Each structure stands twice: as structure tokens, then as C-alpha cells.
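> Chain order of the listed sequences is A, B and C. Under the working numbering, the first residue of the first sequence carries the number 1, and numbering increases by one thereafter. Under the working numbering, the first residue of the second sequence carries the number 1, and numbering increases by one thereafter. Under the working numbering, the first residue of the third sequence carries the number 1, and numbering increases by one thereafter.
Since the hints were made in silico from the structure, they are not lab data. Treat the numbers as computed from the prediction; the structure is a model and nothing was measured. Among the hints, erroneous ones may be present.
Some but not every residue of chain A turned toward chain B, in silico, with C-beta under 10 Å [stated by the list, open to error]: (1) P342; (2) E343; (3) G345; (4) Y346; (5) K466; (6) N467.
Ranges between beta-carbon positions, derived for each pair [as the list claims (entries may be wrong)]: (7) A:E505 with C:P61: 48 to 58 Å; (8) C:Y19 with A:K107: 30 to 40 Å; (9) A:K348 with C:A22: 35 to 45 Å; (10) A:G378 with B:S2: 54 to 64 Å.
Output of the computed footprint for chain A on chain C, the stretches with three or more beta carbons under 8 Å from beta carbons of chain A [unchecked claim]: (11) 25 to 34; (12) 44 to 55; (13) 86 to 92.
Idealized CB from N, CA, C, for every residue including glycine.
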Amino acid sequence: MARIGVFICHCGENIGATVDCTKVAETCGKIPGVVHSVDYKYMCSDPGQNMIKDAIREKKLNGVVVAACSPRMHEPTFRRAAAEAGLNPFLCEMANLREHCSWVHEKGDTTTDKAIDLVRILVEKVKRNKPLLPIKVPVTKTALVLGGGIAGIQASLDIANAGHKVILVEREPSIGGHMSQLSETFPTLDCSQCILTPRMVEVAQHPNITLYTYSELESLEGFIGNFKVKIRKKSRSLDEKLCTGCGLCTTKCPNKRIPNEFDAGLGMRPAIYVPFPQAVPNKPVIDKVNCTYYTKGKCKLCEKICPRNAIRYDQPDEIVEAEVGGIVIATGFDVLNSDFFPEYGYGKYKDVVNGFQFERLASASGPTLGEMKRPSDGKTPETVVFIACAGSRDPAKGIEYCSKICCMYTAKHAMLYRHKVHHGKAYVFYMDIRAGGKMYEEFVRRAIEEDGVNYVRGRVSRIYEKNGKLIVMGADTLLGAQPVEIEADMVVLATAGVANDGAEELAQKLHVSYDAYKFFTEAHPKLRPVETNTAGIFLAGACQAPKDIPESVAQASGAASKVAGLFSQDELTREPLIAVVNRTAPPQYSTCVGCFLCQTSCPYQAIEKEEIRTKDGKLIKTVAKVNPGLCQGCGTCVALCRSKSIDIEGYTHNQVYAEVMALLNRSEDNVNI
Amino acid sequence: MSIGFYPGCSLKGSAPEYTESLLAVAEKAGIELREVPDWNCCGATAAHNLNHELSLALPARILASAEKAWMKELLVPCAACYSRLCVTAAELKENPELRKKIAGVIEMELECSTKILNIIEFLDRWVLNSEEMKIRAPFNHKVACYYGCLLVRPPKILNFDRAEDPMTMDKLMSRIGAEPIDWAFKTECCGAGFSVSRTDLVAKLSGKILEDAEDRGAEAVIVACPMCHSNLDMRRAQINKQAGRKFSLPAIYITQAVGSALGIPDKKLGMKRHFVPVKLSMTKKKNAPAKAAVPAAQTAEKQMEA
Amino acid sequence: MSVENHSHHGPEALSDKIYAEAGVNTAKCYQCGKCSAGCPLAEDMDFPPSVIMRLLQTGLPKNEEKALESYSIWLCLACETCYARCPMEIDIPKVADCLRHESLRRKKANPKSKDIISFHRAFLDSIKYTGRLYEMGLIVDYKARSRHLIQDVNLAPGMYLKGKLHIIPERIKHLGLMKKIFSKTLESKEKSR
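Next comes chain A alone, as it looks inside the complex:
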């Protein structure tokens, strides 16, 4: 005998202002099977929940319908309340009177009628609900961190220090990311590598961290707590166990004129190279695209010269398989190059550079050893113009957002330039100054007040080159948009931060969402910044949106804590709303005919074959079986099954039919079926 309790929530004014909740409660009280029907202002509050619990106990309810907001908001809340009162949580359902009713209609009788309909059909469904028990799956307590920049490094160290194993995968030959390219960091002007390299070494030496550099994620399968990953270790062309990192091969390589990625194209490197002297691991890699041996079959000098005989030209890529429980994506970002800007020369002026290129010029380990020399002719630039918002906040160029870090690093660049060239003139063309972090505003003021940087409010319309000088045509909007023309020796563009190369492909491999700009999407922009909508996969750093180092580190620690939280349990519970293939009495055993259309169509590879045998092992029939650990309850198999042998717990055919029939067979008083 059904004993259903109906609880109508006003949700303050959200539902109450449009739907006559009292009338709904009254009318639903008359539905056959409903023994308790009330309305209340805030059902999700403590008193509201207590109402439900009390009613369950007092009226011995065997089903609950809470008509309120979307189940995505509070289904867990009400199910927990039901469980606490002794009712199986899956006997509690929610009718959505908010997103599906009050928020999309005007106040009126029709709207109230629709609300009553919504409650009615859920009542019919709940009458057919079965108690279900959650599914338990084990958790593999190893984390996978993708990306070895500062965010990835921080996340790895935090997870490893919490006592769990970490696999860190980095696609460049060394970890360190963009932070290793920086000269000094704001707002402290710390030497970037000095604060980074100790962390890099810590990662390499940590007993809990397995580091795979020059490697990429090949494939991902599974689900939270139970991921199976394949990592492609690209061939370095050397036996890492033998190589000591002496670097002799890099000095002897005859092919030395390859633009160095680490120096943002401003310096050169050989074909066999270590990206920078403090690289971790400090072992070289052969660039197969440019190496004379790989392209033309000649040379082999490195092999001849290596004292440990470690070079292996035929070394193939290696696929490493691993099982992990949680994943942190920390793949970082990139910035636009000067060739993106038609009005600034389409990249043809060598002395128009972007932020990373300037960092390398300023860095003591860079192509000019830290002396300010411009790329075209090596002369010291006497006048440098810094242009902020180059590409950012620019819908015409397709980038609406602000890249957040450029105001700060532009001030930093201008200061570094002035520190190195005392008589030099620095101009910054800006629209606004965004210096919202701790000590940030003071940093920018220092550039203006103490270091003599000239800030001009206005943008630059175009740059062209004449007689070795770059003519910069800007305007000073604080002086009535007075045109300002500067003959500069060098121009530094603070170009927009953009998603890293390959972000889209990686997102698709991991099944995480990403936005129009290919940045990965967080689960909720305010309250869940380090999670994705894919359970078990977390985000850290600039791969989510451009951000500075303190925020990347903070986010990395946040993601690490989520992983640690995940690993703090030995088992994870999963919702039992999964597909089940029916089993009947012998001789049928199941109505399943073994066509396996479900198996072919399942997006999660959750369906297996089960052989039903007699006691002596004779095969009777092979039927489908759902793996409760993998099934996501999407229902594709149910739609395709021709013999109606597979059904979803909690959304069975009977339940859905009941809902539809309840809607169609509406009576005069909107109550009887």
C-alpha cells in the first residue's frame, strides 16, 4: 500500500510568487496514495528537513516527493534527510517546480495546474520506486598530474607529501614550464629560476613521485577512483640509465642553428639539446625534425662522442600503462606572438617582441646573458615602448577577455629595462591598470614613481619601421586623445594569454569541458574552481584561465587537497541508478537474446558478455551483463534493446510509463488517474 508524503516548497519567492503552493499541497493531498501533503517556505532548511523526517516516522511513509528546485541542487540533501529518518534514499524523488515551472512561466492558474501535474507524475513514479543500495568501488591511491609547470609541480608535491603516489607527465624535455623562462617575478622581483629550481629538484627526488618528461597522455579510460591511463614516453634517442647528463654531445653537435623554444625563438640550440642548464632531468633529447642523422642519414657525432655510449637512434616511443584514482590537469597556457597583429607589422619587425621574448632578453641565462640588446642588431635600445592589452579585451581580434597578468608583467618589464639601461626611456601604453593582488598596486606605483616609467593612457594604432627605428603611433586619452608618436628602438607587446597548443585534443581525451577559447571549464565558476564536471579530474593553474604564479600555486594546492580527499576513502560510493539486464527463472534465465547491440552502443564500454552454463559447464546462452562500476546510467542501451531486457534502476520502463500515463489521464479535478 502506497503511503506517499508530498512536500511543496515555496523556495522563498522563487516558486511561491508564481505558483500557488498551498493549492498544490491541498490538491495533491487528494491523490490516491498520498497520506501527507504540506507546503513550506524553505524545504531545504533545517526545519524543512525536519518536517520531512518527522512525517516519515510519524506517518510511516514509504515514499517521499519533494516539489522544489532542481534535483541538481538538493536531491542529495533530501535523500540524506530521508535516509536519516530510516527511509531508503532512493524512495525520495524531487519534482522541479522552479526551473521547470515557476522560472519559465507567468503567475496564473495554468502555472499552478502545471505544478500540480509535475507533482502528480512524480507521485506515480515514486509508488513504483524500489529501495536501492549504493555501489561501492575501490579507489586507486595514485594520482596523475598532467603538466610540469609550477602548478603541476606544486600539486605533485602536495599530493606526494600527503603520502600518495604521483605520476607527473610533462611533454617538454624538462619540467619547469613558463616560470622557468621568466627572468624575475612580480611583485617581489625574485629571480624566477632561483625559487623554482629547488621545487623542481624536490619533484625529481621525491620518493612518491614518478616523473615522465618528454611524455604525453596517450589515452584515458575508466572513471573516478579507477582510471586506466596510457602514457607515451617519446623517444629521447638515448638510454636514460646510462646517460650522466655530462652534456658533451650538445657541445659537439654540428647542427647548432635551430631556434631555441626555451628562448622563445631568440636564441639557438643544437639538434641534441638540453632545454636549459637547470633542466630536470638534465638529460638531452634529440630533435628528430632537425637532426642531420634523422633527416639525411649522416653525422652520428653524438653517438661517437658519448663516453657512456648512451645514444640510441633506433629507440622507439614507449607506452607506459598505469592505474590512477585522480587526475590533475595543469597543462598551462601560451601567449600570442607578434605575428598575430596586422597593425604592428604581422611579425616582420624583429624588434617587436612579446612578453616571453622580453623575459629571455632580460634573463641572465638568456641569449644576451641579461644585457638589454635588441634582437635585430644587438644594439642597446635607448627607447622602449611597452604596449598593454595586445590582443586581450579585443573583440575585433576574437579575444574578449582580459589576460589578467599583463598589467603586472608590463610594469615589471619596464622596471627591469630601466634597471638595466639607466638612461633609457620606457613608455607604457595602457587602457587600465589591473593590479589587484597583494602588494601589486604598490609594485605598479613603484614603476611610475621611482623607476621613471612613462605611463600613457591610450592604445597604439600602428607601428611601422623607418631607418632602424620603430615608429609607434599612439594617443594620450587623458589629454583629449592627443596623438603621441614615439620613435622606439624596441617594442614589447603584452600579448594575450591563450590556451596551450593541444588543449582541445587533451580535453576530448579526458572528456572534460572546455570553453570557446579552449580553456578548461571549472565545475562552478565561483564555488568549484578546481574541479571539472568530470568526476575525479581536477584543474590547476593557467590551463583554466590566465593567472599569475600565486594563484596557480594556490589552485594547485586546492586541487591536491581534492585528490587527497578522494584518496582518504578506501572505497567510493556510486549512485545505483545504472542499467541492469534482467534475469528470470530457468529455462529462460533472461529475456536477453544475446544480440549485444547494447554492448556496441555503450559509450562507457560498460557491458560485458556473461555465459550462463549448467552445473557441468555446458553453455546455455550468452547474455549481456552490465558492469556496475562503469555504467553511467545514460540509457542508450535501454533505448536500443529490442527485447526490453535491460532497464535502468530508478528509471524503469514501468516508472516512466506511469509518469506519462498520469500526465495523459488527467481528470477534472486534476487528481484522479
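Chain A is already provided as a structure; the job is to place chains B and C on it using the hints.
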């Protein structure tokens, strides 16, 4: 082969050399230029400065007349007329109500279906692509290709070339053997319609253009607009006076350059009609191996490498 | 100094009118100044383009008047450089056109722009009466309006000898239609208000 042709007022008035050279080149290529019957002035700057509907009605009548004469494509050599026709067609195509209203004003039917070509597209596709067009006297001079404003802007409506550092004219000149220089004033305004009312501003702006071209070694400025030509050529005396410098490089129409390369004699190209004498060594090497114009694809590659 | 109220744009605000007529939203302008930086004649203008935009954004009648009475809008070459570079893709030349039309309608054109407007009017007169630009007519008309009687007289012989100056105008056939077009457009707008 024939193509619709809208000369515009300048080609019939103050820019006869543009018309002469264009007709000579078209004749050599075997193309008949059919004038839009009873065409009117497009309104140029004056119309859109003073009244919106007038600025649409005048070009609309031209387009309607072209449609009525079954012209699928319309060559518009003057860059200003080209701009007015394209902008009008775009606005009226996007707004059917407005198009009906303007059709009522001009008392003609209007679809805005005619494809409007500028001189560079015409020379590139119709003239130089034909096998018979042999370059008898390669135009081997260093030239500054001057696009002016209206061939490339507004980029979204014209969709012809990139608005910054465009290359179509440069590539075209390369095809006839010239050496287009990389310079900074390809699309800077020459002073437009202020030739009479503010000649000093024309002198200032056109002076900057000539200065950059000459400083970078150009022997001539190639133009595709009669207004730009007039400002750079007819107003040279005032430019020189204001700049305090004597700019000697001539301004030559693109059709004159192409015509010269095709072996058409100077007189037929109207070379003597310029205020600034064209003193380039334009002698046609009589026994030079006549070869077809450089295929467009090749010059494209060369430019990409540059 | 009185306190200004920037928040209320009355129904007759010029920026609203421009949005309704031309579809351009002046609120998009974040005053970056790129238009003014690239405008060839910004240094000759009383208000460079970005400042004109700001005057319209305030919605205050006195600022709108400054924009309508400015010399800038008549100095504008319509070279479209500003529009091609504006990061917000605001059709500034269109706004300038609207301001010119409104300025004439309200008879607020800057006195310095007299010659420029005279030239435009002389140009349009020629089209009205012949259907095409008749240079001699244009020049005579312009000189009558502007009183610059001897301007460019020295160029006339050269132009004539080079075949650039025609004595007899070319007239199109449908001159009646031309007059009708003018009366339905330019002349009707200027009579109203």
C-alpha cells in the same frame, strides 16, 4: 568577352589617362567594356556626408541600371566609386525594408545581385590570366604600391585584401616584372576630398606618402584611384612647397603600368597627361623575349617567404 | 562647479538616436584612443574621434552640442582607418555621418567648416542638374559660395591642356529622376525640423 563597366565622373572628367590606359589594356586583352546605360554620379563623399538616403539612392540607381542591362559583373576602376557601390550594396542587401524604400526613391527594381570588381581584381583575373597577354617590356622599376583607403576598408564589407599591409597590388606589379617595395604608407589617406576646400591638409598627408616612398627608393607610386592620383600628382607643387622638399617621383595608374608592360605605346596610355613628368626609362626592349605574365601562384609563394 | 548627472539619458539623447538609426552602440566604446591614435587628421581636430564618442556617451545635451558644433566631424576624411582598427568594431565613420546630418538639420555646423560644406553642396548641385560631376560647374558654384575667387586659377590652363577640364557638361537622360531623388532625400530631410 565583355564586362559591365562603371567609369564614374573622374574617368570621364579629370582622369582621362586612367580611362585611356584602361581601354587600351582591355582592347589588347580582347575585353569589351560595356558602360552602364545612363549612369549617374555615385555621390562620392559629398552625398554620404550630407544625407543618408541620397548616399544610398545614387549608387542604387547605378546598380539597378547595371542589373537592368543584364550585367553580372561590374568593373569599377575608381576606388571611391567602388567603395560607395560596395557599401550601398551591402547595406541594402542586409536590410530588405530599406532596399524597398530606396527602390521606390529611384523608381527602379533593385536586387543588389551584381558582383562589383575593382581594378586590381579585373587586371588580375581578366587581363593577366589570359595566355595571349605577353609581357613585352617588363616594368622593372622599384615601385611603391599605394592602395589608399577605400580599396581595403572597411575590410568586412569589401572582403578584398587585408586592411594592413595589403599585397594584391604588389603581387600584380610583381607579375609584370616590377619590384614592389615594402613601405609604411600603403593605406594611409592622401587627403581625399579636401583637394579644393583644404588643400593644405592634402599637401600634408600626400607629402607624408611621397616622403616615405621616395626615402625607401621607389621610382614611382602606383595608384588605383583618380582622387589619390590627383592629390599626389596635380597638387605636387603645393606638396613640395609645404614639405620644403622637391619630390620627383611620378604617380602612375596601375593600368598605365600594366599597359606599358604589355607593350602599349606611352601615348595610348596617356602618360603625358600627368603634372609630374613620368621620367622612368620606359623604353620597350623590342627584341626582349615576350613571355606570359608570372603566374599568380608563384608570386604568392615569393611574398610568403618575404 | 555644478554636479553632473551622467546616469539619465533622455529619450532624445543623440546616442540613442544614433543607435536607432544607424545601429551603432556608443556604449561599447571603452575610450582606448586607438581611433584617435590612427586618425590622419587628429592633430588638426578640435575633438579627436574618441573624444567625440565620449561626448556622446555622457548623454548630456551640452556635450552633444559640442559634438555637433565641432570642426572634427567636417574634417573627417571618411578614410575608415578608425573603424578598421577599433577593437570594439564600432562603426565610427557611420557615427560621424549621423553627426554631420544632425548638425546640418539643427543648423549647428561649425563656422570653420563653411568651405568644406560649400564644396559638398556644390558637388551635389552638379549631380542634381547634370546627373554627373561637371567640374567647371562645380568650381564656379564653389567659388560663388566660398568667395575664393582666384583659388587654383593657376591650375586651370594645365588641366585644360592635359584634357582634364571639359567646358561642356555631360548630361544624363533621366534628369527629371535626379531632381526627384534629391527632393525625396536631401531636400526633404533639411526642410523637416
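> Identify every previously stated hint that the structure contradicts and give their numbers, smallest first.
none
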